[in-house]
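Just so you know, the protein sequences line up as chains A and B, in that order. Count along the first sequence starting at 1, add 1336, and that's the number in our numbering. Count along the second sequence starting at 1, add 6, and that's the number in our numbering.
By construction, these hints were calculated from the structure, which means they are not laboratory data. Honestly, I wouldn't trust all of these hints.
Said to hold, decoys possible - Pulled a few chain B residues facing chain A out of the computed Cβ check, cut under 7 Å: (1) L49; (2) Y54; (3) P67; (4) F71; (5) E107; (6) T109; (7) F112; (8) G113; (9) P114; (10) G115.
Said to hold, decoys possible - Within a straight-line C-alpha distance of at most 30 Å, the following computed DSS-like cross-link-like pairs (lysine-lysine) qualify: (11) K1396/A with K30/B; (12) K1392/A with K1404/A; (13) K1435/A with K74/B; (14) K30/B with K84/B; (15) K84/B with K1435/A.
Backbone N, C-alpha and C define an ideal beta-carbon position, used for all residues, glycine too.
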Amino acid sequence: GNSVTQMEGPVTLSEEAFLTINCTYTATGYPSLFWYVQYPGEGLQLLLKATKADDKGSNKGFEATYRKETTSFHLEKGSVQVSDSAVYFCALGGINDYKLSFGAGTTVTVRA
Amino acid sequence: DAGVIQSPRHEVTEMGQEVTLRCKPISGHNSLFWYRQTMMRGLELLIYFNNNVPIDDSGMPEDRFSAKMPNASFSTLKIQPSEPRDSAVYFCASSRTGLAEETQYFGPGTRLLVL
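Work the whole structure out from these sequences, hints included.
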């Protein structure tokens, strides 16, 4: 079945540091891949997504590239801010399916 | 757009009491999802509705849990009787068609504490 494995946290960084959160997946065919972000006390919201191999999703300075050869969708940001402190979830949506398979989430804390 | 609306935002109740959580999806979305989030189990899909019809309720933990969607703009998740292990954050999400390639829009969640 479909599954997602993401880097365990927590991750603590200083402001302006580089952030990478690893995400790998197992799926049949060509699933859609997502990064959702959950700020404290809020629901999840879409950060970025990619629907086919080699697509790059980007938003708010974050980027992730759909790599079919390595079955990965790693999230990166070149210079984090305190406001990026949140829990980040990698997710996979199978073809002709309705279910999203979520990773366990990675808690990121950015210190000023 | 108002986004997905959930109520109440917080609920504290005693074991054995009935709890009803409410959700209003985004207008025009025909798919609705109920999730539960806990530290131990992460994010779990409880039930999925499409065009107000329950399509997959395999994630509903047991008979104490029930969900309804009487119309396109309203859904409830009921726990009766509630137990301390039901304490969690319950999220409602909606999407335009339900296909997994589409964005799901989450509500702010209901934080439930069962004493």
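Evaluation of the provided hints:
no.: 1; hint: L49; in the structure: 5 Å, holds
no.: 2; hint: Y54; in the structure: 6 Å, holds
no.: 3; hint: P67; in the structure: 17 Å, violated
no.: 4; hint: F71; in the structure: 18 Å, violated
no.: 5; hint: E107; in the structure: 4 Å, holds
no.: 6; hint: T109; in the structure: 5 Å, holds
no.: 7; hint: F112; in the structure: 4 Å, holds
no.: 8; hint: G113; in the structure: 5 Å, holds
no.: 9; hint: P114; in the structure: 5 Å, holds
no.: 10; hint: G115; in the structure: 5 Å, holds
no.: 11; hint: K1396/A with K30/B; in the structure: 28 Å, holds
no.: 12; hint: K1392/A with K1404/A; in the structure: 12 Å, holds
no.: 13; hint: K1435/A with K74/B; in the structure: 19 Å, holds
no.: 14; hint: K30/B with K84/B; in the structure: 15 Å, holds
no.: 15; hint: K84/B with K1435/A; in the structure: 22 Å, holds
Going down the numbered hints, you'll see the structure goes against 3 and 4, while the others check out.
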